[in-house]
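> Residues per chain are reported as follows:
2 protein chains.
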Amino acid sequence: MNNQTFSKKHLTKKTDDISEWYNDVVLRAGLVEYSDVKGCLIIKPNGYALWESVQKELDLWFKADGVKNVYFPLFIPMSLLQKEADHLEGFSPELAVVEYAGGEKLHEPLAIRPTSETIMYKTFADWVQSHRDLPLKVNQWCNVVRWEKRTYPFLRTSEFLWQEGHTVHKNAEEADAMAQKALGWYQKFYEEFFAMSPYVGIKSETEKFAGAKRTYSVELVMPDGKALQAATSHDLGDNFAKVFGIEYLDENNQKQLGYQTSWGFSTRSIGGLVLTHGDDAGLILPPKVAPTQVVIVVIGNKQDAENPVEPFADEIAEELRAQDLRVIVDVNYNNSLGRRINNWELEGVPLRLEIGAKEMEQNQVTSVRRDTFEKQSIDRANITATVISQLDTIQTDLLEKSKKLKTDKTKNVNSFEEFKQAMDSDKSFIRMYWCESLECEKTIKDATKATPRVLELENMAEQADEKCLKCGNPAQRQWLFAQSY
Amino acid sequence: MNNQTFSKKHLTKKTDDISEWYNDVVLRAGLVEYSDVKGCLIIKPNGYALWESVQKELDLWFKADGVKNVYFPLFIPMSLLQKEADHLEGFSPELAVVEYAGGEKLHEPLAIRPTSETIMYKTFADWVQSHRDLPLKVNQWCNVVRWEKRTYPFLRTSEFLWQEGHTVHKNAEEADAMAQKALGWYQKFYEEFFAMSPYVGIKSETEKFAGAKRTYSVELVMPDGKALQAATSHDLGDNFAKVFGIEYLDENNQKQLGYQTSWGFSTRSIGGLVLTHGDDAGLILPPKVAPTQVVIVVIGNKQDAENPVEPFADEIAEELRAQDLRVIVDVNYNNSLGRRINNWELEGVPLRLEIGAKEMEQNQVTSVRRDTFEKQSIDRANITATVISQLDTIQTDLLEKSKKLKTDKTKNVNSFEEFKQAMDSDKSFIRMYWCESLECEKTIKDATKATPRVLELENMAEQADEKCLKCGNPAQRQWLFAQSY
Numbered sequence: 001m002n003n004q005t006f007s008k009k010h011l012t013k014k015t016d017d018i019s020e021w022y023n024d025v026v027l028r029a030g031l032v033e034y035s036d037v038k039g040c041l042i043i044k045p046n047g048y049a050l051w052e053s054v055q056k057e058l059d060l061w062f063k064a065d066g067v068k069n070v071y072f073p074l075f076i077p078m079s080l081l082q083k084e085a086d087h088l089e090g091f092s093p094e095l096a097v098v099e100y101a102g103g104e105k106l107h108e109p110l111a112i113r114p115t116s117e118t119i120m121y122k123t124f125a126d127w128v129q130s131h132r133d134l135p136l137k138v139n140q141w142c143n144v145v146r147w148e149k150r151t152y153p154f155l156r157t158s159e160f161l162w163q164e165g166h167t168v169h170k171n172a173e174e175a176d177a178m179a180q181k182a183l184g185w186y187q188k189f190y191e192e193f194f195a196m197s198p199y200v201g202i203k204s205e206t207e208k209f210a211g212a213k214r215t216y217s218v219e220l221v222m223p224d225g226k227a228l229q230a231a232t233s234h235d236l237g238d239n240f241a242k243v244f245g246i247e248y249l250d251e252n253n254q255k256q257l258g259y260q261t262s263w264g265f266s267t268r269s270i271g272g273l274v275l276t277h278g279d280d281a282g283l284i285l286p287p288k289v290a291p292t293q294v295v296i297v298v299i300g301n302k303q304d305a306e307n308p309v310e311p312f313a314d315e316i317a318e319e320l321r322a323q324d325l326r327v328i329v330d331v332n333y334n335n336s337l338g339r340r341i342n343n344w345e346l347e348g349v350p351l352r353l354e355i356g357a358k359e360m361e362q363n364q365v366t367s368v369r370r371d372t373f374e375k376q377s378i379d380r381a382n383i384t385a386t387v388i389s390q391l392d393t394i395q396t397d398l399l400e401k402s403k404k405l406k407t408d409k410t411k412n413v414n415s416f417e418e419f420k421q422a423m424d425s426d427k428s429f430i431r432m433y434w435c436e437s438l439e440c441e442k443t444i445k446d447a448t449k450a451t452p453r454v455l456e457l458e459n460m461a462e463q464a465d466e467k468c469l470k471c472g473n474p475a476q477r478q479w480l481f482a483q484s485y
Numbered sequence: 001m002n003n004q005t006f007s008k009k010h011l012t013k014k015t016d017d018i019s020e021w022y023n024d025v026v027l028r029a030g031l032v033e034y035s036d037v038k039g040c041l042i043i044k045p046n047g048y049a050l051w052e053s054v055q056k057e058l059d060l061w062f063k064a065d066g067v068k069n070v071y072f073p074l075f076i077p078m079s080l081l082q083k084e085a086d087h088l089e090g091f092s093p094e095l096a097v098v099e100y101a102g103g104e105k106l107h108e109p110l111a112i113r114p115t116s117e118t119i120m121y122k123t124f125a126d127w128v129q130s131h132r133d134l135p136l137k138v139n140q141w142c143n144v145v146r147w148e149k150r151t152y153p154f155l156r157t158s159e160f161l162w163q164e165g166h167t168v169h170k171n172a173e174e175a176d177a178m179a180q181k182a183l184g185w186y187q188k189f190y191e192e193f194f195a196m197s198p199y200v201g202i203k204s205e206t207e208k209f210a211g212a213k214r215t216y217s218v219e220l221v222m223p224d225g226k227a228l229q230a231a232t233s234h235d236l237g238d239n240f241a242k243v244f245g246i247e248y249l250d251e252n253n254q255k256q257l258g259y260q261t262s263w264g265f266s267t268r269s270i271g272g273l274v275l276t277h278g279d280d281a282g283l284i285l286p287p288k289v290a291p292t293q294v295v296i297v298v299i300g301n302k303q304d305a306e307n308p309v310e311p312f313a314d315e316i317a318e319e320l321r322a323q324d325l326r327v328i329v330d331v332n333y334n335n336s337l338g339r340r341i342n343n344w345e346l347e348g349v350p351l352r353l354e355i356g357a358k359e360m361e362q363n364q365v366t367s368v369r370r371d372t373f374e375k376q377s378i379d380r381a382n383i384t385a386t387v388i389s390q391l392d393t394i395q396t397d398l399l400e401k402s403k404k405l406k407t408d409k410t411k412n413v414n415s416f417e418e419f420k421q422a423m424d425s426d427k428s429f430i431r432m433y434w435c436e437s438l439e440c441e442k443t444i445k446d447a448t449k450a451t452p453r454v455l456e457l458e459n460m461a462e463q464a465d466e467k468c469l470k471c472g473n474p475a476q477r478q479w480l481f482a483q484s485y
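If you read the protein sequences in the order shown, they are chains A and B. For the record, in the first sequence the residue sitting at position 115 is 115 according to our numbering, with numbers rising by one throughout. For the record, in the second sequence the residue sitting at position 463 is 463 according to our numbering, with numbers rising by one throughout.
Here chain A stands alone, though its shape is the one from the complex (with noise of 0.2 Å):
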């Protein structure tokens, strides 16, 4: 299903041009491909795969909380989207919008959901009577459009999937303390699945959701210095409880305010992942995500009719396997042998085992780790425990590496002459103290493309008596800025 033809032979090195090189990793290591509707993509078997690992992991987490899954419609009417001001204007350029359906002018226009507060909370207000209904946690898994004018796949798209979580509690303090719990379960997924380690925070007024009281992020470090954010969770007060009218009796019999959350993690995820892990052979996936986590090169050709190691490398992968080992056993003798590994190496895959006949006479194979290259001869006695021992490695070498990106690639600088001469050349994130005015963070963005990223969650309830980089005024918190994707 490789079939793509490539004007280029090789792959673009990460270091000469990233974004060229993402491009031609996405499509090459069958992740997606472009399809005929601009902007949106065919998310192939590869990347599905990836997409099922985030499914698999966060469904069960939220389960265990108590989230309950739902489905509501893909269509919201416009005159319910109108109802928040704020989150109207926050998604309107985005929408597309249908007015004709079945044959017929429909009465009123419907918006392909960009997300679902507003039809889901009109609901809510039903569900949510009393506080005995409280608290109320629903999530779903769905396709959401929000229409691009420049797309690039996984991290801008008009069409993505997503979960969205979204939760009415009592008081603002469980509403705060839920949106930050699912902060912690995305942040959790990064480091643990995708081995990568992020910033997590507060946004500024100007980068926070469009209705929320306050945004929770997940920030990630690109290689190239950029930020990505990589997922969201937003408290919304009762900004949206106002609105739709969702309000419960409490235990003395009067009416109060619901206070609610939503929470998206989104298969643009995947991009962060290529990005953060990948080199100039391709993808690098961690184990614990890798739809194959170790393939069985067997090496032979086709005139032989039968290869004799074939049996020997089925047996090897038949005892990983017990150990719920997801492997492949590679037979594709009408490739050559080094482009049957280039493909594995540009699919990512952790650990590959090259068996020949050699090696069988020896009763050894020998493993290559796909993010170091590193060679090591196996005796068949010890494969099973080495593949585990070696996959654990990977995943915590890779894990290691995403923290030692982090810390290069987050710079202090002491004026703003340095500030705006870090975004010009070595770009990189910059932990700064900042007034938080708007008019400040706009004069940072236009001479420098930079934005406040992220107030990380340890320097929130900083007080100190420093002043802005950028103004000069009184500053009490230091935040993180970087240009972003």
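It cannot be assumed that every hint is accurate.
Said to hold, decoys possible - Computed beta-carbon distance windows for the label pairs:
1) A:380 - B:64: 23 to 31 Å
2) A:252 - B:324: 36 to 44 Å
3) A:107 - B:108: 38 to 46 Å
4) B:314 - A:473: 57 to 65 Å
5) A:131 - B:19: 32 to 40 Å
6) A:466 - B:314: 51 to 59 Å
7) B:384 - A:252: 39 to 47 Å
8) A:177 - B:324: 26 to 34 Å
9) A:64 - B:60: 19 to 27 Å
10) A:104 - B:417: 36 to 44 Å
11) B:13 - A:131: 32 to 40 Å
12) B:34 - A:93: 37 to 45 Å
Since the hints were made in silico from the structure, they are not lab data. Predicted, not measured: the structure shown is a model, and the values here were computed from it. C-beta atoms are modelled at their ideal positions from N, C-alpha and C, and glycine is treated no differently.
Guided by the hints, dock chain B onto chain A, whose structure is given.
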């Protein structure tokens, strides 16, 4: 979350008005709720959990067969939809169309997918080049939109959820075998999980899928004697391959057309499940798919500071959960015991255990089967074994009941007069010889509202020397006719 206010106190009786009973049950049991968008439903947690039971099982079977999950865009350019004439004709009256997106009029209107043959097959033409690329087998879990004038929860809605499998094969035989394999999965799911016994076979020319060579169908006999088309699998032959140019080079380097299948199973199935098993008390769920298999109702009242029965109930729940059973402990003393029991019966939980102070003293519990209301005292030591065995029995008995319904509601008649009478009074499936002419099909439909539902697989090869019950012309095979949902 069940704060729906209903005007009537009691459910409509199923035998009085099955249609009103059905509406009552799906709303009150928390499966669905109407939305602000006509024809689009909200699937609530109890309903979505049933869909997840479908997804979990079918997805395993697909993957074991080498089918890979993918995701294709929601939007289909009108020009692509127009490529296969029959297909367009079949779906165009039901299309929802986007003409404006991102604040601009689009160059070409985009249909929201009613099914994905056209957008997928355009791409398959690239993916399929050589015989080595075959068979190509993909599936997607997604939403589709077919605008409906009159809607009915689950059974007929403008948006619904489904899976659509699509394959390409080397020749007509392999494609037909694949279509039959998918049909087999659907039949097996209905029998083993939904405890329903369907008819399986092929559709008449009039009823087959728009663009297919042959449509296989799973057809359910509903309690009112009407038919519900419950899943379909299409042998597309080379119809789409010709239009979209899906060709491959065979072993001899000759160009050949691909042969295709598509097959889908949707949330409609949940409507069939409700209609088949439910009774005047509400839903009855087969244990294998019930989100809650056992509810332990603790008897007590809210004046008691501590109810000593609760630890006893929790201990039993833990013991059952250790056997992977899905168990809820109900200690909601705010409601009367009668109301609590009514609610669990309404939601269709297969087995209820009642425990009060008396039961605990005697070291016993009382079990009540949802399907038969049969009560039994179970000694503490035997609880787990008895519960497992009772759940098995319920699953088996429900299937047996469904088989009996199918047999009871399938009749042979000796004349078209008898056929007409059968459709007027006690509706049922009629098995009869039919000449297979379109004209005869139309006459029968006009006179009785009945259509050929399916030619059973085992009767496909029949070459009888019989006469058509309607027109008297030669007829070789027996078809099942019925009115349909």
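> None of the hints should be skipped; say for each whether it holds.
Now for the hints, and whether the structure bears them out:
{"no.": "1", "hint": "A:380 - B:64: 23 to 31 Å", "result": "holds (29 Å)"}
{"no.": "2", "hint": "A:252 - B:324: 36 to 44 Å", "result": "holds (42 Å)"}
{"no.": "3", "hint": "A:107 - B:108: 38 to 46 Å", "result": "violated (25 Å)"}
{"no.": "4", "hint": "B:314 - A:473: 57 to 65 Å", "result": "holds (59 Å)"}
{"no.": "5", "hint": "A:131 - B:19: 32 to 40 Å", "result": "holds (37 Å)"}
{"no.": "6", "hint": "A:466 - B:314: 51 to 59 Å", "result": "holds (54 Å)"}
{"no.": "7", "hint": "B:384 - A:252: 39 to 47 Å", "result": "holds (43 Å)"}
{"no.": "8", "hint": "A:177 - B:324: 26 to 34 Å", "result": "holds (32 Å)"}
{"no.": "9", "hint": "A:64 - B:60: 19 to 27 Å", "result": "holds (22 Å)"}
{"no.": "10", "hint": "A:104 - B:417: 36 to 44 Å", "result": "holds (41 Å)"}
{"no.": "11", "hint": "B:13 - A:131: 32 to 40 Å", "result": "holds (35 Å)"}
{"no.": "12", "hint": "B:34 - A:93: 37 to 45 Å", "result": "violated (31 Å)"}
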